[in-house]
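Protein chains: 2
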Amino acid sequence: MQSFNPPRRILMGPGPSDVSPRVLAALARPTIGHLDPDFQALMEDIKAGLARLMNAQGYACIPLPAPGTAGMEAAIMNLLEPGDRAVIAVNGVFATRMADMAARAGASVTLVEHEWGKPVDPAKVEAALAEGPAKVLAFVHAETSTGVRSDAAALCALARKAGALSIVDCVTSLGGIPVDAAAWDADVIYSGTQKCLSAPPGLAPIALSPRAQAAIAARKEKPRNWLFDFGLLMSYWGGEGGRSYHHTAPINALYGLHEALVALFEEGQQAVFVRHQRAHEALAAGLEAVGLAFLVAPADRLPQLNTVRVPEGVDEAAVRAHVLKHWDLEIGAGLGPLKGQVWRIGLMGASATPWHVRLCLTALCGALAAQGHAVSTEAALKAADKALA
Amino acid sequence: MQSFNPPRRILMGPGPSDVSPRVLAALARPTIGHLDPDFQALMEDIKAGLARLMNAQGYACIPLPAPGTAGMEAAIMNLLEPGDRAVIAVNGVFATRMADMAARAGASVTLVEHEWGKPVDPAKVEAALAEGPAKVLAFVHAETSTGVRSDAAALCALARKAGALSIVDCVTSLGGIPVDAAAWDADVIYSGTQKCLSAPPGLAPIALSPRAQAAIAARKEKPRNWLFDFGLLMSYWGGEGGRSYHHTAPINALYGLHEALVALFEEGQQAVFVRHQRAHEALAAGLEAVGLAFLVAPADRLPQLNTVRVPEGVDEAAVRAHVLKHWDLEIGAGLGPLKGQVWRIGLMGASATPWHVRLCLTALCGALAAQGHAVSTEAALKAADKALA
Numbered sequence: 001m002q003s004f005n006p007p008r009r010i011l012m013g014p015g016p017s018d019v020s021p022r023v024l025a026a027l028a029r030p031t032i033g034h035l036d037p038d039f040q041a042l043m044e045d046i047k048a049g050l051a052r053l054m055n056a057q058g059y060a061c062i063p064l065p066a067p068g069t070a071g072m073e074a075a076i077m078n079l080l081e082p083g084d085r086a087v088i089a090v091n092g093v094f095a096t097r098m099a100d101m102a103a104r105a106g107a108s109v110t111l112v113e114h115e116w117g118k119p120v121d122p123a124k125v126e127a128a129l130a131e132g133p134a135k136v137l138a139f140v141h142a143e144t145s146t147g148v149r150s151d152a153a154a155l156c157a158l159a160r161k162a163g164a165l166s167i168v169d170c171v172t173s174l175g176g177i178p179v180d181a182a183a184w185d186a187d188v189i190y191s192g193t194q195k196c197l198s199a200p201p202g203l204a205p206i207a208l209s210p211r212a213q214a215a216i217a218a219r220k221e222k223p224r225n226w227l228f229d230f231g232l233l234m235s236y237w238g239g240e241g242g243r244s245y246h247h248t249a250p251i252n253a254l255y256g257l258h259e260a261l262v263a264l265f266e267e268g269q270q271a272v273f274v275r276h277q278r279a280h281e282a283l284a285a286g287l288e289a290v291g292l293a294f295l296v297a298p299a300d301r302l303p304q305l306n307t308v309r310v311p312e313g314v315d316e317a318a319v320r321a322h323v324l325k326h327w328d329l330e331i332g333a334g335l336g337p338l339k340g341q342v343w344r345i346g347l348m349g350a351s352a353t354p355w356h357v358r359l360c361l362t363a364l365c366g367a368l369a370a371q372g373h374a375v376s377t378e379a380a381l382k383a384a385d386k387a388l389a
Numbered sequence: 390m391q392s393f394n395p396p397r398r399i400l401m402g403p404g405p406s407d408v409s410p411r412v413l414a415a416l417a418r419p420t421i422g423h424l425d426p427d428f429q430a431l432m433e434d435i436k437a438g439l440a441r442l443m444n445a446q447g448y449a450c451i452p453l454p455a456p457g458t459a460g461m462e463a464a465i466m467n468l469l470e471p472g473d474r475a476v477i478a479v480n481g482v483f484a485t486r487m488a489d490m491a492a493r494a495g496a497s498v499t500l501v502e503h504e505w506g507k508p509v510d511p512a513k514v515e516a517a518l519a520e521g522p523a524k525v526l527a528f529v530h531a532e533t534s535t536g537v538r539s540d541a542a543a544l545c546a547l548a549r550k551a552g553a554l555s556i557v558d559c560v561t562s563l564g565g566i567p568v569d570a571a572a573w574d575a576d577v578i579y580s581g582t583q584k585c586l587s588a589p590p591g592l593a594p595i596a597l598s599p600r601a602q603a604a605i606a607a608r609k610e611k612p613r614n615w616l617f618d619f620g621l622l623m624s625y626w627g628g629e630g631g632r633s634y635h636h637t638a639p640i641n642a643l644y645g646l647h648e649a650l651v652a653l654f655e656e657g658q659q660a661v662f663v664r665h666q667r668a669h670e671a672l673a674a675g676l677e678a679v680g681l682a683f684l685v686a687p688a689d690r691l692p693q694l695n696t697v698r699v700p701e702g703v704d705e706a707a708v709r710a711h712v713l714k715h716w717d718l719e720i721g722a723g724l725g726p727l728k729g730q731v732w733r734i735g736l737m738g739a740s741a742t743p744w745h746v747r748l749c750l751t752a753l754c755g756a757l758a759a760q761g762h763a764v765s766t767e768a769a770l771k772a773a774d775k776a777l778a
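So the sequences go chain by chain: G and Y. According to the numbering used here, the first sequence is numbered sequentially starting from 1. According to the numbering used here, the second sequence is numbered sequentially starting from 390.
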């Protein structure tokens with residue numbers, strides 16, 4: 001067994017994204033105790049940073065000590081108990097997971113199914129909510145499996161109107177496009193660190209509204225899991241009246257998240273969103289210049305996750321292998337019904353730069369040419385640069 | 390919001406322990422994708438390292454993507470379902486958690502209570518197992534709240550005899566004293582990274598025997614949590630027949646665990662155990678030379694977690710504050726019924742050295758002197774050095 005030295009990689013898949021040197025350096029700072037007064041100050045700083053990032057003042061905002069899916073599990077398991085009904089809008093792989101978890105929580109589930117690649121349809125959701133009382137409406141803001149953005153404001157408003165609590169999966173949206181708890185009047189928002197925040201995977205920021213907290217306090221049974229039990233978590237992260245021991249926080253991972261937040265606020269949230277949008281427009285221009293098409297209609301596209309159709313006759317796995325071999329470039333494959341049909345190209349966080357766009361276009365054109373699908377790298381780069389001008 | 394620079398700390402509490410520079414450096418290596426072929430090779434290396442460390446060949450050995458308690462939750466939630474009975478031996482705070490989790494899993498729980506500071510009594514456990522069929526016997530090998538070691542081999546044998554599966558909490562034992570799945574014939578063993586492995590907190594190594602895996606495969610219901618569902622986890626970590634996407638592994642944290650394992654095997658497991666034992670003997674000699682007493686009888690003590698009684702008239706919190714202020718030294722407080730009555734002094738992993746023993750004795754003697762309890766630092770150090778000679 002020998003020390004592991006990772007190869008060079010340019011991360012343009014669906015996550016993780018490239019982690020900046022300053023965040024990597026933060027990870028390596030000396031570990032201190034999780035009950036240390038200085039660490040408690042760091043925890044408060046992270047809570048405040050997350051509330052600012054999600055515009056969630058008055059919400060309970062903490063990073064869960066596990067990858068993004070832990071946010072989903074915490075949301076579902078804390079809000080739902082046996083006898084509850086959940087309406088779950090499905091337009092990709094992640095809402096399917098929500099339904100699985102809701103069933104494990106003992107809830108009954110109404111699925112509102114959509115074609116993959118389309119946003120959630122508010123009219124269909126409204127109809128499902130009207131069928132009977134629902135405790136929860138859950139949906140995905142930014143579907144990582146398809147690259148689609150849904151209208152979180154409209155969907156949260158439907159939940160409010162129906163007296164349901166909203167759960168919004170923002171794993172891929174947070175830090176790439178606006179996530180606005182207050183404007184949406186959302187109840188639970190969660191995310192991951194390895195997408196547009198460009199920290200390593202391993203933490204799940206989550207925000208719970210006062211309504212969500214009241215619903216948890218009014219539960220008849222304890223949540224079915226312990227590590228993500230909101231009441232126990234807040235006795236550790238709450239900060240009021242002293243902290244009770246719950247788990248041992250992942251100290252160094254939290255150094256990384258903190259530094260990623262510092263970097264994001266230094267750049268400015270609006271500037272970050274503009275950077276993602278510009279990178280997306282440049283990539284789209286380059287891809288379209290060589291005849292590659294998007295799965296998703298322009299109005300519904302996520303700038304940070306670009307789902308590109310594999311042209312007929314192209315071996316998609318060979319393209320991914322080619323760009324990895326020749327350019328150390330990682331792009332993503334399709335998931336579920338989209339397997340073999342699309343590539344997923346991430347422009348997330350530190351990977352959302354003109355440099356990444358140019359490298360990706362160059363690598364993709366080279367890989368297509370290697371399969372006899374001659375395309376012009378110059379045309380792709382020229383179109384991208386024009387969009388960036 | 391500004392970058393966080395942690396203060397210097399010497400970590401001699403109940404965990405985290407000091408993390409070595411080589412492990413910190415590993416954390417900061419560039420993030421690669423969790424589906425990268427090189428990362429898959431790292432995963433296989435970690436699985437093999439954990440199997441070696443726990444002497445668990447033929448077991449499923451993986452690191453869960455969350456702190457040590459995740460190991461407990463995964464063990465309880467995967468093995469127990471409604472209708473099952475669990476016998477749980479309680480001799481400190483951590484088995485109490487097991488009971489809470491088992492109830493959330495829908496199981497009925499028989500507690501076998503012990504005085505805190507005593508090991509689990511096999512005779513009492515045998516009697517509880519004889520009361521009726523039990524699916525699980527759970528206990529803590531190394532109780533972090535008391536510093537007590539229980540006889541894992543004897544307790545696992547009782548479980549086998551009764552037809553129950555054994556769950557052994559090795560959070561504080563792994564890497565400090567022998568943990569031997571094969572010799573114990575144990576079914577589930579789990580641990581954390583921030584104790585004697587001296588990696589940062591955030592991961593929970595776990596090992597499941599073929600019997601445990603068969604019991605999980607024969608469940609009537611899905612486990613009540615999703616992230617720690619063993620079947621789903623193994624579709625990601627299993628390595629046979631291709632990997633299915635489950636969560637996104639905490640890449641950089643796994644770099645750290647891997648490097649900690651490399652360092653441990655370089656030193657040699659036996660040498661590591663001897664180093665912990667020698668440090669403990671030196672600390673004990675020093676403490677006893679100045680009249681400080683242990684909570685736990687010598688035969689039951691964990692070398693890596695020393696529970697020291699607070700002398701009458703001494704303000705224990707002021708002592709901890711004093712050593713933190715003067716020596717940047719963290720030691721632990723008592724938990725639960727031991728709150729205010731003991732200090733918990735860790736000699737774990739990279740913190741189990743003669744240097745740490747000398748620093749801790751010097752700091753403690755100074756703190757006691759500051760409260761008017763004059764003790765001789767020279768006497769303490771002399772006794773420690775004699776033990777080390």
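These are computed hints drawn from the structure, not numbers from a lab. A hint or two may mislead.
[Unchecked claim] Straight line, CA to CA, 27 Å or less: simulated BS3-like cross-link-like pairs of lysine-lysine:
#, chain 1, residue 1, chain 2, residue 2
1, Y, K611, G, K135
2, Y, K611, G, K222
3, Y, K771, Y, K714
Which earlier hints turn out false for this structure, listed by number in ascending order?
none
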